[in-house]
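Engineer: Take a look at the letters that make up each chain.
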Amino acid sequence: MLTIQIQDEQLARQLQEIAVRENRPVEDVLKSMVSQYPAETPSQTANPGENDPVRRVRRKAYAKARQYWLSVGDADKAALTDQALDELFGAFDEEGIPRLKSELKSPEPPIGSLAYAAQIAEGSRLHSGKPDLARRTEGILDKHFADDFSKRMRGEDAAK
Amino acid sequence: MPLSKILVDSSFLVALYDQDSDAYPEVREIAKLYRGQFLVPQVALTEVLYLLKRETGVQGAIAFLKED
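So the protein lines, in turn, are chains A and B.
If you read the first sequence in our numbering, its first letter stands for residue 1, the second for the next number, and so on.
If you read the second sequence in our numbering, its first letter stands for residue 161, the second for the next number, and so on.
Calculated directly from the structure, the hints in this document are not laboratory data.
Mixed in with the good hints, there may be bad ones.
[Stated by the list, open to error] Computed list of lysine-lysine pairs in DSS-like fashion (alpha-carbon distance at most 27 Å, straight line):
# : chain 1 : residue 1 : chain 2 : residue 2
1 : A       : K64       : B       : K165
2 : B       : K213      : A       : K151
3 : A       : K101      : B       : K165
Turn these sequences into a full structure, and let the hints steer you where they fit.
Structural biologist: Below, the structure written as structure tokens:
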């Protein structure tokens, strides 16, 4: 049981008056008032970072890392919270083993790694102006790739 | 079982290189977290080059090929 004290005397009196008038306990009056508020939707109750794609990626990575740490009996690291890992987590290394920043061989990713590709891509500063291009790749390839490739083979796109 | 090699497809690479892509922040974060080798099927390379040249011009294809 939870006891709530109403400090506002006028409000307490009003609640009592309503209860007397309606011939029911104060608790019932409060229940019907509370029921008028819509239930929280899942998006309201979810973690505020849930919709942030970067947070989502990191949370999944941390879950994978914890799974690994538990499998090798490293309970200390497995107990690190997301917040702590935001500070401490480095990357999955060349062997796929999760490493804290302090455990990485070098702050720079090795050549040929996915992290290295990310670095190169970031430096290329390529902007298509088309936010949905990656999502449309399959469609574009299905629709145009074979045709354009055939034209190219026939030398029809020499002017392009 | 640790994941030491990652196979990526054309749309992942397009999203990783195209900073205007909706998926860019997510894909970049995934890439930054994995220091394992990544594998690209030859056909995906051809597809990405084709797509970037078609949608962003020769400069896009050059940016993809360029390695500092």
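Engineer: Check each numbered hint against the structure and report the violated ones by number, ascending.
Structural biologist: The structure conflicts with no hint, since it agrees with every one listed earlier.
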